[in-house]
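Here the structure of chain U is known, so what remains is to put chain X in place on it, guided by the hints.
Number of protein chains: 2
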Amino acid sequence: MKGRFQKAEFPVEKVRCYLEPGPIVLVSSALGEERNIMTMGWHTVMEFTPSLVGCVIAESNHSFRLIRESGECVINLPTRALLDEVVGIGNTTGAEVDKFATFGLTPEESRVVNAPSILECCACFECRLADDSLVRKYNFFVFEVVYARAARRPKHPETLHYTGNGVFMVSGKILSRRAKFRPELLD
Amino acid sequence: MKGRFQKAEFPVEKVRCYLEPGPIVLVSSALGEERNIMTMGWHTVMEFTPSLVGCVIAESNHSFRLIRESGECVINLPTRALLDEVVGIGNTTGAEVDKFATFGLTPEESRVVNAPSILECCACFECRLADDSLVRKYNFFVFEVVYARAARRPKHPETLHYTGNGVFMVSGKILSRRAKFRPELLD
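In order, the protein sequences belong to chains U and X. When we follow the numbering used here, the leftmost residue of the first sequence carries the number 112, and every step to the right adds one. When we follow the numbering used here, the leftmost residue of the second sequence carries the number 112, and every step to the right adds one.
Among the hints, a few may not be true.
If several chains are the same, the list does not tell them apart, and a pair holds so long as it fits within one copy or across any two.
Listed below are the simulated BS3-like cross-link pairs for lysine-lysine, each with C-alpha atoms no more than 25 angstroms apart in a straight line [stated by the list, open to error]:
id, residue 1, residue 2
1, 291, 113
2, 125, 248
3, 284, 266
4, 113, 284
5, 266, 113
FYI, nobody ran anything at the bench for these hints, they're computed from the structure. All of these numbers come straight from a predicted model, not from anything done at the bench.
The shape of chain U in the complex, shown without the other chains (with noise of 0.2 angstroms):
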């Protein structure tokens, strides 16, 4: 069942411990009247402060244009929970369907930029594109996280892996190894 989550401000230099792991994600977008949402697993975390995360988005994707034009996008981060809502959105297109009402997730508004949150994600990642010189080319971004919000429980959400072929690993047990690392790579 979807959950609704509140979310409290949370570190933009802490993005890491939510996208690191590599859970697939939902990018929301907006550009005039139009919104979408895609699911989007190729990202990384580029830097820490500013909080940068870099990812591809196809130029084929309807989202492209929104996120380009408009500069910002919102990652949100589903749960297992919304598993078949991640499949639906990545396996239709924003040119057809209004994907906040075909798959029922509700648009939230964002606190920094225009582009809406999902209330259904557990976390959302507010961004502005700063860097597009790796579009033409790869359809790369860089985008700053300019503002985060996170749910506090749990600490460690169930995340979604994409493994490719329709596939999806689920996120695992919890393991500290805490005591072995170098104070300084500690938060």
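Same frame as chain U, now just chain X:
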């Protein structure tokens, strides 16, 4: 216990099945007599053909110069059995220790590049530096996977996913939604 994986050739255009879920990886490199291994978590698939992977390798890493000057590396996939090695490698520097010797890992000859592969890893992706235009600004390297090998079993290895702060997530259950995908999105 550390296994030693027999690996077979694997199609380079399919490395996303291992890398897209976001595992921590071990990057091995060599330059002249020097060799090194680093732990790396900031990476993303960028293209199927050519098989491109982008990643951040901070200039402070001993491996930075070896990789940049040789223009090569191997991205090796460790499993849960190598957790302590992953942590140890990430918390020491190749300027002071031989990581292969210190952590009991076996360098094996790669097929195409000069950098060694790691016998105890279940997949090895041999890479050539394809684009260094974002290295100065972001320490962001674009590699082409020129040759890949992977163990046939397990099909979905138990990978490690870093969440920051000394804490790892282990890969969990596999869920297929193949039946809900458009055929052109499947392998």
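Verification of the supplied hints:
1. For the identical chains of this complex, residue 291 and residue 113 are inter-copy neighbours only, at 19 angstroms across copies versus 38 angstroms inside a copy, given an alpha-carbon limit of 25 angstroms.
2. Within a single copy, residue 125 and residue 248 get their C-alpha atoms only as close as 29 angstroms, which misses the 25 angstroms cut-off; across copies the closest is 21 angstroms, which meets it.
3. Proximity of residue 284 to residue 266 under the C-alpha cut-off of 25 angstroms is found in both arrangements, the shortest distances being 12 angstroms within a copy and 19 angstroms between copies.
4. For a Cα distance limit of 25 angstroms, the shortest separation of residue 113 from residue 284 qualifies both inside one copy, at 22 angstroms, and across copies, at 20 angstroms.
5. Within a single copy, residue 266 and residue 113 get their C-alpha atoms as close as 18 angstroms, which meets the 25 angstroms cut-off; across copies the closest is 30 angstroms, which misses it.
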